[in-house]
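What follows is each chain in one-letter form.
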Amino acid sequence: MPKDEPAGYLGEAQKTLNRVKAKIGDRIRVSTTENIFEGIVIPRAEIGADDQHIIIKLDSGYNIGIHVNNIQKIERVAPGRKAQPELPPITRKTKKGLPWASILSTGGTIASRVDYQTGAVNPALTADDLYTVVPELGNLANIRAEVLFSVFSENLLPSHWTTMAEQIAKHLDESEGVVIPHGTDTLGYTAAALSFALQNLPGPVILTGSQRSSDRPSSDAALNLTAAVIIAVQGPIAEVIIAMHRYPDDTSIALYPGTQVRKCHTSRRDAFKPINADLLGEVKNGQVYILVDENSYLHRDKTRQIRLQPEFDPKVALIKTTPGLMGERIDVLIDQGYHGIVIEGTGLGHAPEAIFEAIERAQSEQIPVVMTSQCIWGRVQMRVYRTGVELVQRGVIPGEDMIAETAFVKLMWVLAQTRDSTEVQKRMLTPIAGEITECSKRSQYEELSP
Amino acid sequence: MTKIDYEKVGALIGIEVHQQLDTKTKLFCSCPTKIREDEPHFTFLRRLRPTQSELGEVDPAALFEFHKGRVHIYENYNDSICLVEQDEEPPHLLDKEAVNFALEIALLMNAQPVDEIQIMRKLVIDGSNTTGFQRSVVVAFGGAIQVNGLEVPIQTIGVEEDAARKIREEGARTYWRLDRLGIPLIEVATAPVMKTPEQVQATALRIGQIFRVTGKVKRGLGTIRQDINVSIKDGAIIEIKGVQKLNLIGQVVKYEVQRQVELLKLRDELKKRGVRASKITKRVHEVTSLFKKSTSKVIKAALKRKEGVFALMLPGFASLVGKELQPGRRLGSEFADYAQFWGGVKGVFHTDELPKYGITTNDVENLRKHLQAKKADAIIIVAATKTAATEALKAVGDRARQSLKGVPAETRGPLADGTTRYSRPRPGAARMYPETDVAPVSVTVEHLDQIRKQLPELPEEKIHKFQEEYQLSEELAQIMIRSLRIDLFEAITKQHPELAVIIASTLETLWRNLEREEIAVDDISEQQIVLLFDRLAQNQFAKEAIPELLTWLANNPDGAVDDGIEALGLGVISQKELEAIVSKIVKANKEMIAERGERAMGPLMGKVMNEVRGRADGKLVNELLRSAIRTQLEPQ
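Protein sequences, first through last, are from chains A and B. Counting in numbering that gives the first Met the number 0, the final residue of the first sequence is number 449, and the numbers go up one at a time with none missing. Counting in numbering that gives the first Met the number 0, the final residue of the second sequence is number 635, and the numbers go up one at a time with none missing.
Same shape as in the complex, but just chain A:
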């Protein structure tokens, strides 16, 4: 028996339940000095819960916690019913004339169902599940759904990007577009990675997620997912895009360019913002509206052949300069065999002189160092102040207006292709997927202000 079986219970509480062989979902009767409670055993919360309380759901629907020390008698009254979806999933036949879209899930629960008996949230992963939970999808497209893996987005590895890119390429042979539901925490990194790994796309690849969990009626998930599917089958852009709420309102889903977007708020629906870029467009009332010049993006073309370069070198580090930063931070990385370093410098791309020596060492050991800015918006300009000049003299590559996270992903991608310093520098400074722009426009920062 696993250590926390029934789910989440440990110590005394676990022993008490096991004494009467009570499992999650079973109906038990508990007598305390003052009351008799009857209800269903509920899983113990994973976070912040002690091992002294047993949680039951009363017939009124409320859960209560009973302290093991107050239990005088405990009986198992009835076994739990088998967990089953409350409604049989809708099994849908293919609709002729409707375009196909693929939904490849990675672990974020963009759609889910609540089991009200145990409170468990069950993700909807198969196409049928998705139709059941978000029925309007069925009117937009025929869905091809596949579960790639089930990983919290903070645990995703560069190797997962490789798998994603390969699978997307495969699905684009048949689908008009591919939708990737994804946890929002590292959504920006994955979008950048896919932008480099999948070039010359025939149709759009849309990453989407939700900031408010899909188990609540107010969740942004269904609207984001629906918009993503609309873009997949109707959107004219054949690029990697993030589709998320544009405002706190449920009125518009924005299209962000995959290499110039960042999660800028911990919890708001409109957490994502374009960085050094304009919004590509929005989905409003079921329609895709493109907001940029039509010559500025790759248009959908089914005959186009994908250029797939899905490898990433995981030995790259991203460090942030802070007052008092010492060279040892970089020395450690070199000692551990890292192949490349991205620095999130201050201002125009500066770092304390205390690390100059370590940077020289990196240069002599053929480890490229790329400079970006922790200002988030704006371009690195390393010729304005002395520090910048000295860093460049020591081989630091000025990362132009690349976001630090994008530069980090790009360096992984470039290093998987070449370790030659000159070649790395050249590729890092060549725009591949819109990550570097030549002119910074005023609107690219003002988009933020309401």
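Hints were generated in silico from the structure; no laboratory data involved. Do not take every clue at face value.
Below 20 angstroms or equal to it, Euclidean Cα-Cα: the simulated SDA-like pairs (lysine to any residue) are [unchecked claim]:
{"no.": "1", "chain 1": "B", "residue 1": "LYS121", "chain 2": "A", "residue 2": "ASP58"}
{"no.": "2", "chain 1": "A", "residue 1": "LYS283", "chain 2": "B", "residue 2": "THR42"}
{"no.": "3", "chain 1": "B", "residue 1": "LYS121", "chain 2": "A", "residue 2": "LYS283"}
{"no.": "4", "chain 1": "A", "residue 1": "LYS283", "chain 2": "B", "residue 2": "PHE43"}
{"no.": "5", "chain 1": "B", "residue 1": "LYS281", "chain 2": "A", "residue 2": "ASP58"}
{"no.": "6", "chain 1": "A", "residue 1": "LYS283", "chain 2": "B", "residue 2": "ARG46"}
{"no.": "7", "chain 1": "B", "residue 1": "LYS165", "chain 2": "B", "residue 2": "PHE41"}
{"no.": "8", "chain 1": "A", "residue 1": "LYS283", "chain 2": "B", "residue 2": "ALA171"}
Sample of chain A residues lacking proximity to chain B, with all beta carbon distances greater than 10 angstroms (derived) [stated by the list, open to error]:
{"no.": "9", "residue": "GLU310"}
{"no.": "10", "residue": "GLU352"}
{"no.": "11", "residue": "GLN365"}
Note that beta-carbon positions come from the ideal geometry of N, C-alpha and C, so glycine has one too.
We have chain A; now place chain B onto it with these hints.
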């Protein structure tokens, strides 16, 4: 209508009393618990999505609204509403002050607190909560309160978030204000053991009193709401939600029992007539052509909007649609409620009330002929668009079929006179699941002991104190304990115990008299009321001038007590001055005194008081006048 024998019809009534807590912060964030009337700073728009697994069970009405594309506009204030209310940030910890208050109430009612409080989400998808659920906790079970000799068991004591305030509806848009969302509500639910309207009213009063003795609940209209569950034998559990006025509760119960009794009679009559559900067809007839030349304003207006007239036949329902269920509310009113709710139409006509409203006998005859209706049949008509009318009449048909079974389970809303109207179908078993964003809260023995040490006095203990320490009559003490201004009374009396009786009668008897005269006494700030009694205690004016001074304060919202005293010339006159007035009046009424002797006191007292206009204490006037009369009567 005959008098109801509540015992005989098997009435069982339970209530849930909700009251807003006067906590510093909301239940799950640190925003103030403040209702605002100034212009909101910004709004945002949301849709709530009933997920498939809730289909038809949570709240069919809300699902219906979702499919109609209902959107919710939320009004905000930047300085008193945060991202938590906007559902843009996870909730913070459960507010300790609110939990402690609920535990206090639990102990006062001898209920047993739970060992660990679990925070639940109760699905509410009408838009009143930005999340789509209301966070709710049970804090204690059991216990009982004594109500005039009846022991009323308490089922649960809990705390939950108050909902957003509905400001208005405009088509498919509902406007809500987020100021109220998240204010903690205490909720006490009794067992359904009460049998008469009087018991229910008394129980609600009693629960409210216990809340109030803690001094931690908000006061005033809108801060307290009662939900009443009423059922009778063979009837159904009807939940009447949101009764705000205490003195309406008895009436609501009475009318609901009456409605259920009448509905059962109606069912029996339909059975007797041999009406069967299968005979009530769903067929909606378009009869626009019959009303082309109608003189009915409603129909004329509808036709002008290019809408039509539609009819539904209810076989065997003649004379029953017009049957009164509650004063002024007929079966036809129930039909109209359903039609309005599900079809969004303004109302319906039925043949039991026709000819009327510009619909002529001729119209009705044509209609009957067209539908081949018999005399025993009733016809319902609606003037609206085809879609709306079809939905409306379908709902009427459903309601008609339900009347064959008796009382349909419903949630109803109170009207001003205590009758009720249909508000929505009763939701199935409450859909609740754990709020995983907030950790459970353990209730320890030590914590409970601490609360137990600081329990406030119960109402009966206070009544005792009012009588013994403050010399209030039993009647006045009883009135005071029920008073909305009991806290104010206690605060002032603590400073001026010798004025207790005057304070009590001012805050209750006089207060209500002035209110009856439409003087806005409630607008006077508590600070000024306190000051008023300070000045009285300092003899700055006489107690007889209290009514005049309160009136002045009500009419001069910015004025202070001292201004009032000056403006009204209420400064107490000196004894010398008073003696002069008494002496003047005695002299002027020599004959009367000679004639009536000491019995002249009454009329002369009135004359003196009239002259001093509250600037002298009545007792002193009485003394001076009596002695002056006696002197006058003494042989010269």
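The hints, checked one at a time:
1. A threshold of 20 angstroms between alpha carbons decides the hint, and for LYS121/B with ASP58/A the separation of about 14 angstroms falls inside it, so the pair holds.
2. This hinted pair checks out: LYS283/A and THR42/B have alpha carbons roughly 18 angstroms apart, not beyond 20 angstroms.
3. For the given pair, LYS121/B sits about 31 angstroms from LYS283/A by alpha-carbon distance, which is inconsistent with the 20 angstroms threshold.
4. For the hint pairing LYS283/A with PHE43/B, the CA-to-CA distance comes to about 15 angstroms; that is within 20 angstroms, so the pair holds.
5. Of the pairs offered as hints, the one joining LYS281/B and ASP58/A is violated, with about 37 angstroms between alpha carbons and a cut-off of 20 angstroms exceeded.
6. Restraint check for LYS283/A and ARG46/B: satisfied, since their Cα atoms lie roughly 14 angstroms apart, inside the 20 angstroms limit.
7. Of the supplied pair hints, the one linking LYS165/B and PHE41/B holds, its CA atoms being roughly 16 angstroms apart against a limit of 20 angstroms.
8. Under the criterion of a C-alpha separation no larger than 20 angstroms, the hint pairing LYS283/A with ALA171/B is consistent with the structure, at around 18 angstroms.
9. The claim that GLU310/A is not at the interface with chain B holds, since no C-beta of that chain comes within 10 angstroms of its own (minimum 38 angstroms).
10. With a least CB separation of 41 angstroms from chain B, GLU352/A remains clear of the 10 angstroms interface cut-off, as annotated.
11. Interface exclusion of GLN365/A from chain B stands, the closest Cβ pair being 46 angstroms apart, more than 10 angstroms.
Against the hints set out earlier in the document, violations occur for numbers 3, 5.
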